[in-house]
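In case you want the letters, here they are:
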Amino acid sequence: MTIPIADGHLLADLLVLPGPSGYETPVRDFIVRCVEGLGTAHVDPIGNLTVSLGADGPHVLFAAHMDEVGLQVTYVEENGLLRFTKIGTIDDRVILGTPVVVHTAHGSVHGVTTVPPASAPPGARTWQALAIDIGVRSRAAAETLGIVPGLPVTFRRQPVLLNRRYLSGWALDDRWGCFAMIKLLRHAAHGIPKGRLTFSWTVQEEVGLRGAQALAARHRFDVVFVIDGFVTSAAPGHRRFLAYAELGRGPVLRLVDHGAIASRRLAAWVEELAGRHGIPVQAGCTGGETDGKPLQMTGAHMLPLALAMRYAHSAVQMLHLDDLEHLIALGQAILDELDGVPVGV
Amino acid sequence: MDDPFLTALVTAPGPPGFEDEVRRLLRSALGDRVVEDTIGNLLLRVGTGHPRVVFCAHMDTVGLLAVGLDDDGAVRFRPLGRVDEAILPGRHVRILTPRGLVPGVIGIAPPHLREGGGTGAGWRDLAIDIGATDRREAEALGVRPPLPAAFAADFFEMQEHWVGRGVGDRLCCYLLVRLARRLQADPPRASVTLAWTAQNEVGMRGARALAARREHDVAVHLAAFGTTEEVSPDPPTSYVQVGQGPVIRARAGDALASPQAVAWVERAAAAADIRLQLGFTAGESEATLFQETGAIGISLNLAVRYLHTDVEIVARQDVVALERLLEQLVDHLHQIPGRSDGIDDHSDC
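Protein sequence lines, in the order shown, are assigned to chains A and B. Each residue of the first sequence is one higher than the last, beginning at 1 in the numbering used here. Each residue of the second sequence is one higher than the last, beginning at 1001 in the numbering used here.
Worth double-checking, as some hints may not be accurate.
[Claimed, not checked] The following label-pair restraints were derived from C-beta to C-beta distances:
1) B:V1067 x A:S119: 24 to 32 Å
2) A:Q158 x B:P1259: 43 to 51 Å
3) B:R1024 x A:R276: 50 to 58 Å
4) B:V1320 x A:S138: 20 to 28 Å
5) A:T104 x B:V1320: 25 to 33 Å
6) B:E1266 x A:S138: 25 to 33 Å
7) A:A105 x B:V1035: 53 to 61 Å
The set of hints was computed from the structure by calculation and includes no laboratory data. Where a beta carbon is used, it is the ideal one built from N, C-alpha and C, also for glycine.
Chain A with its partners taken away, still in its complex shape (with noise of 0.2 Å):
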């Protein structure tokens, strides 16, 4: 599909790859590749990819998470049908009668998840009483197809263009992100880093913030953005008691979520340049964390720059392309004015 904005076949490609947490080597490597030659890039032992740029001057990280929530193979059953557990947090009722990928060592195979009648008792539409119906009909005959326990799954992610400027797709959350830091990056790398930067895209956040504590006790930084969604409750039938931003209203300055609160110095600066620039914001609180907890302990001033993001965790979630036009053109303002950023105490 086409998505109209800059660079927007970056981004459609990077919706289309798998990478359930865990299993984020087809994100990583089209990554690698679109950031190839801009600084120095290091993957980590657990799978982050970092991108190294400028010497001088406080050092600060942007970082975007490439994995995204799936399901795992936990068993086969003798007629053919695949148990499973979730990789990350997911509502039941978004993985009912979907199709789904399998993900071997030979290749991709294709399956649904199963939909027990209607008529069956309750309890037996939750996710332990479902499976993956890959159309064999023995073990022997999945295990032909390279099937075994542990094989990631992902979810239909062919996305869509609603009004123009609505984009809806399985694997959003974070791969606009990933696409928003090759952008930065490329923006910083044109002219003189002002500061010594950070690119980093990390893995098996949707499992725990696992990479970004990993990138946390290995590194020290004065200053981290995290570029990730905002979950919104600005949505058709949502109850407004949290999270309330509107799409289409510019980034989210995400203030306080479960997991951390932001730092209100950084807030602040950010406000003030989006202001100078007539780039629109807005501020936030939400459920739900980010790569910013284990980040922010290591003693840096923290702000997620966030999207409003509807039906998170779904085959629908959805952004304003707007939105992240203008995220982009913030972060970049960040990057050109980073001499100002407020370090230290």
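Mind docking chain B on chain A? Use the hints.
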């Protein structure tokens, strides 16, 4: 059978009563001799004489009906046909507007915003999000309810199976197209009507209108047969399995397949070494409607797992076997028990 036409036919939107795109595709494949009746059935007549046999399959798949707009641009809907509302969250849909298809999505509040797990969300709690911020913007996109909506269709192959929304019934439509080509090349010494019916999923209304004309002595209905197999925690009420052969719908609710037709089909299957299954279901059959006019009727089915979802599964070998069975049947139209050449005991009632 790896045919671009098949892909187009399976993925075409066709909610009950709004089968226009399916009709357009069928017309393009079948040519000028196809006629459309007032309710929307497509009919192709081949051959002359007796018996007068109709083969029918339905074009529509269950969908939604957009019924209104909220102030925030959300599109309210109700089901059109028997939609399992548990599988609505997270689905992609297409609203059929006079200006074309408008994509939309059905979302639910994500785990981040809830305490504990999610509970059921019925269709009354859900809306289609088309990316409009208010009523005016929705209308500017052409979304002025009431309008029908279809579920977005995936169609792919999986280990010798076909998977997709409504794939069972659309494959039946496809088999009728292939049967039409065969009959047109070699017209039968009998009157054969091929009928692609409308509005099946809201009470078989297309077939009802066709049967009311009392033009047929024998009706063969092709459709999907929903199986549960081992994915059901209940003891099965039907032992039909995908991949074990075409299904004779022995019972459709209270209605019985006509014994003469069963005998005819079983003999034809035996002659061609085709394995059949007998199915018993609470679901309906268009054959019943023709039986009610005095015709003999039978429903021959493709076994489908996960009927009425985006991931219906049909076995390729069942489709191949059903096509061979249909070829046997049209080659032996004069062997229908209780029917002899030229004898027609109630055509003029």
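Taking the hints in turn, this is what the structure says about them:
Between V1067 (chain B) and S119 (chain A), the C-beta spacing of about 27 Å keeps the proposed range 24 to 32 Å intact. Taking 43 to 51 Å as the suggested C-beta distance range, the pair Q158 (chain A) and P1259 (chain B) conforms, at roughly 48 Å. The hint said 50 to 58 Å for the Cβ distance between R1024 (chain B) and R276 (chain A), and at roughly 55 Å that hint holds. At about 22 Å, the CB distance of V1320 (chain B) to S138 (chain A) agrees with the hint of 20 to 28 Å.
T104 (chain A) and V1320 (chain B) have their C-beta atoms about 28 Å apart, which keeps the hinted 25 to 33 Å range intact. Here the CB-CB span from E1266 (chain B) to S138 (chain A) is close to 29 Å, well matched to the stated 25 to 33 Å. Checked against the hint of 53 to 61 Å, the C-beta distance between A105 (chain A) and V1035 (chain B) comes to roughly 55 Å, which is consistent with it.
Comparing the model with each earlier hint shows no violations; every hint is respected.
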